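> For reference, the chains in residue letters:
Number of protein chains: 4
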Amino acid sequence: MEKANPLSWRSKLHNTIYESNTVAGKVFDVALLILIVSSIMVVMLDSIKSYHLRYGRIFYVMEWIFTGMFTLEYILRLISIKRPWRYVLSFFGFIDLLAIIPSYLSIFFGGAQSLLVLRALRLLRVFRIFKLTHFLTEMEFLKTALTTSLKKITIFMLVVLSLVIILGSIMYLVENGENGFISIPDSIYWAIVTITTVGYGDIAPVTPTGKFIASVMMFIGYGIIAVPTGIITTEMAIAVRARKHGHETCPGCGREGHDKDAVFCKFCGTLL
Amino acid sequence: MEKANPLSWRSKLHNTIYESNTVAGKVFDVALLILIVSSIMVVMLDSIKSYHLRYGRIFYVMEWIFTGMFTLEYILRLISIKRPWRYVLSFFGFIDLLAIIPSYLSIFFGGAQSLLVLRALRLLRVFRIFKLTHFLTEMEFLKTALTTSLKKITIFMLVVLSLVIILGSIMYLVENGENGFISIPDSIYWAIVTITTVGYGDIAPVTPTGKFIASVMMFIGYGIIAVPTGIITTEMAIAVRARKHGHETCPGCGREGHDKDAVFCKFCGTLL
Amino acid sequence: MEKANPLSWRSKLHNTIYESNTVAGKVFDVALLILIVSSIMVVMLDSIKSYHLRYGRIFYVMEWIFTGMFTLEYILRLISIKRPWRYVLSFFGFIDLLAIIPSYLSIFFGGAQSLLVLRALRLLRVFRIFKLTHFLTEMEFLKTALTTSLKKITIFMLVVLSLVIILGSIMYLVENGENGFISIPDSIYWAIVTITTVGYGDIAPVTPTGKFIASVMMFIGYGIIAVPTGIITTEMAIAVRARKHGHETCPGCGREGHDKDAVFCKFCGTLL
Amino acid sequence: MEKANPLSWRSKLHNTIYESNTVAGKVFDVALLILIVSSIMVVMLDSIKSYHLRYGRIFYVMEWIFTGMFTLEYILRLISIKRPWRYVLSFFGFIDLLAIIPSYLSIFFGGAQSLLVLRALRLLRVFRIFKLTHFLTEMEFLKTALTTSLKKITIFMLVVLSLVIILGSIMYLVENGENGFISIPDSIYWAIVTITTVGYGDIAPVTPTGKFIASVMMFIGYGIIAVPTGIITTEMAIAVRARKHGHETCPGCGREGHDKDAVFCKFCGTLL
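Protein chains in written order, with the UniProt record's numbering: chain R, 1 to 272; chain Y, 1 to 272; chain S, 1 to 272; chain Z, 1 to 272.
Worth flagging that the hints you see were computed from the coordinates, not collected in a lab.
Be aware that a few hints might be false.
For chains that are exact copies, the list does not tell them apart, and a pair is met inside one copy or across any two.
Quick list of in silico lysine to aspartate or glutamate cross-link-like pairs, DMTMM-like style, CA-CA up to 20 Å [stated by the list, open to error]:
#1 Lys49 with Glu178
#2 Lys49 with Glu63
#3 Lys151 with Glu178
#4 Lys26 with Glu63
#5 Lys82 with Glu63
#6 Lys26 with Glu73
#7 Lys82 with Glu19
#8 Lys82 with Glu140
#9 Lys12 with Glu73
#10 Lys151 with Glu140
#11 Lys143 with Glu178
Bear in mind the structure is a predicted one, so any value in this text is a computation, not a measurement.
Whenever a hint applies, use it, and build me the whole structure from the sequences.
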């Protein structure tokens, strides 16, 4: 933020586009959200064949209008920021670019327009716009719980991955390459569909042995679906307690992390 | 409740219809519950073609009898309450009206009768009737836990919604508008079916890339199904603890964490 | 147990059949378990057509042998217990009778034999046999947690039931009685299949509105599947804590229920 | 580990193969991981018919190269360890052998090569290789929580198993051996598919009674899926607390519940 000359048009533009604490900023955010949702709606409706045939021309024009507006927004973002490259290379800068590139590409390459669906990624901006509302604390909370769970979840996912590869391979042998189990990758796909309890039924065991192994797998899946839940619940409980306990500092040694019922500092014995 | 003249017929009627602490009130509640369940059963059975052909005439008569009784109940509710408009505009007043309107509408419009299924909404009255039983505390408990979780669940659902829109759009491109992925809305529908682990199988990926993306999605769904569970469990644990422990502070040692039924501080023995 | 005359044949028989603290009792239990599993295996295998055609005669003989042995067991149980009627009318007495009745009924009625599958109920005896092992504590624990959760789970199930009736009815209207939604009960069946995330796919929405409502339902199901989990987890955590805390009694007033970190009785202030 | 003569080639080899604290050891581990993944990829791709027809010859050669390298690794492991039999009879020794045996068997028996999929079991080595990273603590944590839950989960699974046998048998009677419920084992398979919420839809109830029982089963499954989650979450919470708090008692006031890093009692300030 340019705090030196707050009245310059650039700093005003910056506040409007990047911040939400002014009326103009809030209007901009809401308008942008409506624009993103509308542009996604048009891409969605255009993908339905009957609509494409009837309104294809209107959708085409609207898409170019949206592209124009998003391009304008992108340029405004570039000129209103001090270090434009930082924005261009940032996560949201990249997504913003992805939202306008396909339209221009479609002039040269026919199919490129279908990449417009990537515009859906802009929906993630919804979280930036919500930034200043009271949802922030809750988001932080969820983020903390998920981040601390990540390591445990990763290990768990690796175990499950090994399991589906092994069980999928066994099913390929058992069902003898038939009944949809036509290759090991397909059998692994089936194993994932089964162990996550999705169960499409596009591939299903037919032989008695296959059904037996599948039953065992379902029980395993039933048991281990509890693991990620347990991990995340535990981390959330810790995060809640941490938030509740407060972060009192010891007057003697200046350290934090005391329990709520502590009377003396656990590190230096000073009365809290 | 009209406490001034408890013997007037209107206050008696009010007590019978709106309260459950008299014998008449309890009889009314149970009779109403039986009536609601019966009327729903009739609508249900009438929707089965073979039954409709054979017993359609009887069902028709019964529906009008139920409508008559519900209309009478509605009128009684109106005249026995002091501020009828307040009841009419209340949630249950609206549902009670919804339960009788379709029958009368069907005199003028043919298809209106099928709206009778809305009578199922009256089942919610079951919770009002249970109001005075010992289920009340548990309901309050569940309501508290769900209300405090709502904000976190909403954010979570928004993330999942963005995810299914993006992943659904990608699958539309990958499966090239074939194998059921005929439009982006359809692909998003599939993504929701997959990530919630419902997995109908009416739409299922066929291409290797599609199957790979679907597998990744299932793993994501497997991991994140834990999040709402974690949120609600944590909130429930807090609600349980809050119910058990008060937040009183001991006047002697200043410490918290006493049980609700505590008379003396558990740390220093001071009278609370 | 007849403690007066422990050497009488009846009390010995009683100990063998009803208790597991003698060698004979343990042998009896294990033999019974093997017998139950074997008899169920025979009923299962006999239900497979190709096996029935080939080994039907052997299975028939074996079933009568099992019936004979179970009948003998039933009689022994009757004569070795002091109050036979109490056993006959008990839960396990009823199941034990159910395991032998169908065979005798089949002499008079042809199809009665297929009721032999009810013999599977005898599997529940496995828990009685495990009674004296170290699984007992864990079973008690699970039972406590489930019993205390029951009220909350019941309310939750009633809400879900109302929800599936209402949503099923709406889907019947939306899909217009087609695409498998041929009646309201069928639509409710579909709603249950969907909200529990089972998702057979035998009935699936076809119209855009139907797919939209189904998507909303899946999200609801996704969110509320967390509720029973939260309830049971919380109750288990309480049960664990209760087990851990011990049930120290105050020397002053004799009351229990003190926290682990309590120094003074919270009821009378006496030093614990 | 041979600590006496650390410079001998055998001890060096041992360190490289069995340990990961040297550069050579880390290189070996990563190389082995790449080799395992590559060999599994080849087996997978070879199982796809179109690839097998085109690249079958190359895959064949590569499989023998992998087999050669794994054989070399096996021999090196044998000669670099003091007690080779201990390795041969260990879990990983057995898996390592399983990874090379099928290739040699295929010289004599045609189909033996398909057993190469068992090579996927070697993926479990990934956890050994991760042994020295910071994932170790998290793995230990998960292992502890799962081990302590095992007894409760086992009982729960036995209950579910009895339930699916009984309900499957009933469904066999209800659906009268039709609509896919052709035998009791098949009906039990369906019951498992349903209660675990997998729901393939390859077998689905058709009769009204069948649909009703299935609906009840889904509700049961919905309720009890919470049980393993509750068990594991509770055990994890205990494990987390145990990790955080020691069970030390303060010498001054005799109270427990101090953090692991505590130096002074938080209640009375005494040095622990």
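> Each hint should be assessed against the structure and marked as holding or not.
Against the structure, the hints:
1. Lys49 with Glu178: between (35 Å within a copy, 12 Å between copies)
2. Lys49 with Glu63: within (17 Å within a copy, 43 Å between copies)
3. Lys151 with Glu178: neither (38 Å within a copy, 38 Å between copies)
4. Lys26 with Glu63: So lysine 26 and glutamate 63 fail the 20 Å test inside a copy (25 Å) and across (53 Å) alike.
5. Lys82 with Glu63: neither (30 Å within a copy, 57 Å between copies)
6. Lys26 with Glu73: within (15 Å within a copy, 50 Å between copies)
7. Lys82 with Glu19: within (14 Å within a copy, 51 Å between copies)
8. Lys82 with Glu140: Neither. Shortest intra-copy (27 Å) and inter-copy (48 Å) distances fail the 20 Å Cα cut-off.
9. Lys12 with Glu73: within (15 Å within a copy, 63 Å between copies)
10. Lys151 with Glu140: both (18 Å within a copy, 12 Å between copies)
11. Lys143 with Glu178: Close neither inside one copy (44 Å) nor across copies (37 Å); limit 20 Å.
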